[in-house]
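Trainee: Each chain, written out:
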Amino acid sequence: MEAVLFFIAAIGALGGAIGVIAMRNPFFSVLALIVHLFSLAVLFLLLTSAFVAAAQVVVYAGAVMVLYVFVVAYVGGGESAWEPIPGQRFLAPLLGIAIFVELAVAVLGSALKALDTHGPDVPAGFGDPAGIGRLLLEKFLLPFEASSILLLLAAVGAVVLAGRLKEESPASAGASVDAPSPGATP
Amino acid sequence: MNIAWYIVLSSLLFATGVVGVLLRRSPMVILLCLELMLNAGNLALVAFSRMVGNAQGQVFAVIVMVVAACEVVVGLGLIVAIFRRRLPLNVDDLRELRG
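First to last, the protein sequences are chains A and B. In case it helps, this note's numbering puts the first sequence at residues 515 to 700. In case it helps, this note's numbering puts the second sequence at residues 500 to 598.
Source of the hints: derived by calculation from the structure; they are not laboratory data. Note that the structure is predicted; figures quoted are calculated from it, not measured. Cβ atoms here follow ideal geometry from the backbone N, Cα and C, with glycine treated the same way. Be careful, since some hints might not be right.
Claimed, not checked - Here are some of the chain A residues that sit facing chain B, going by a computed Cβ distance under 8 Å:
#1 Val544
#2 Leu547
#3 Phe558
#4 Leu581
#5 Gln602
#6 Ala606
#7 Pro607
#8 Phe640
#9 Leu649
#10 Phe654
As the list claims (entries may be wrong) - Simulated restraints on C-beta separations:
#11 Gly552(B) / Gly533(A): 28 to 38 Å
#12 Asp630(A) / Glu595(B): 46 to 56 Å
#13 Asn553(B) / Glu659(A): 20 to 30 Å
#14 Asp635(A) / Arg584(B): 56 to 66 Å
#15 Val673(A) / Gly552(B): 40 to 50 Å
#16 Val572(A) / Glu595(B): 31 to 41 Å
I would like the entire structure built from these sequences, with the hints used as guidance.
Mentor: See below:
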């Protein structure tokens, strides 16, 4: 049962990942990424990490993907077929296969004996929100606070980046409206 | 399932993300492929945490999620800023910083 679930989720994750890079329209790429994220949440559940799986669904598939969908709808999709690097379409998968082989050699050739096991038996509350919360607020309090500051900085940075043109664009729009009007009125 | 399966799947997903970054030219899709790579790292972290039998690795995964959310917010802010300046949304055209 666990193996069946693993392979279904793995195929979903891999299919979603390939869909992200294969889709022409960025909107479909975002939808494929949502499939990928849900499959990864199933994999996290199989690894008995309930809190990470829930955070994956709520934060990633919920909040971050909504942000993506909004920006895709705002910016619009499509990319030109122009390729400045000759053979990029063939070279890129080759390099990807190379990095996969390298990683696989590194993993399978490592001296980690526990890789071929299911992992040790864990108590019933392993990875549940209470345990993760206790770890976050006791042992990892400093990274927790640092990540909250990072989130605040990112929010401020996004407002600065995306909102700075706001006072320029009415001026330029006003200028472009004003510029033809003297010529138009006489 | 053995932990090695999860690790191999994670490296496969990471390689897929790398191919996407190399192949696509829209900055939005490149951000999505960065997400793929970060999620592959998350899967490896959670798998290793299960292998050791210690939940501390999952805290790493949660922090990686926070960092990924920050990266998405700043990246999408940049994309919106590029779009508003009517610059092309194509990483091959935006090469002023390449030197």
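Trainee: Take the hints in turn and mark each one as holding or not.
Mentor: Evaluation of the provided hints:
Among the interface hints, the one on Val544(A) holds; its C-beta lies about 7 Å from the nearest C-beta in chain B, closer than the 8 Å criterion. Proximity of Leu547(A) to chain B holds as hinted, the smallest CB-CB distance being about 5 Å (cut-off 8 Å). Satisfaction of the interface hint for Phe558(A) is found here, the shortest Cβ-Cβ separation to chain B being roughly 6 Å, below the 8 Å cut-off. Using the Cβ-Cβ criterion of 8 Å, the hint placing Leu581(A) at the interface with chain B is satisfied: the shortest such distance is roughly 6 Å.
Of the supplied interface hints, the one on Gln602(A) holds, with its beta-carbon coming within about 7 Å of a beta-carbon of chain B, less than 8 Å. About 4 Å separates the beta-carbon of Ala606(A) from the nearest beta-carbon of chain B, less than 8 Å, and the hint is met. Interface restraint check: Pro607(A) against chain B, minimum CB-CB distance 6 Å, threshold 8 Å, status holds. Checking Phe640(A) against chain B by beta carbon gives a least distance of about 6 Å; that is within 8 Å, so the hint holds.
Hint status for Leu649(A): holds, given a least beta-carbon distance of 5 Å to chain B, under 8 Å. Checking Phe654(A) against chain B: minimum C-beta separation of about 5 Å stays under 8 Å; hint holds. Our hint of 28 to 38 Å for Gly552(B) and Gly533(A) holds, since their Cβ atoms are close to 34 Å apart. At roughly 50 Å, the beta carbons of Asp630(A) and Glu595(B) sit within the given window of 46 to 56 Å.
Hint check: Asn553(B) to Glu659(A), Cβ distance near 22 Å, so the stated range 20 to 30 Å holds. For the hinted restraint 56 to 66 Å between Asp635(A) and Arg584(B), the CB-CB distance of approximately 57 Å keeps it satisfied. Remark: the range hint 40 to 50 Å for Val673(A) to Gly552(B) is upheld by a beta-carbon distance near 43 Å. For Val572(A) and Glu595(B), the Cβ-Cβ distance of about 39 Å falls inside the hinted range of 31 to 41 Å, so the restraint holds.
Taken one by one, the earlier hints all hold for this structure without exception.
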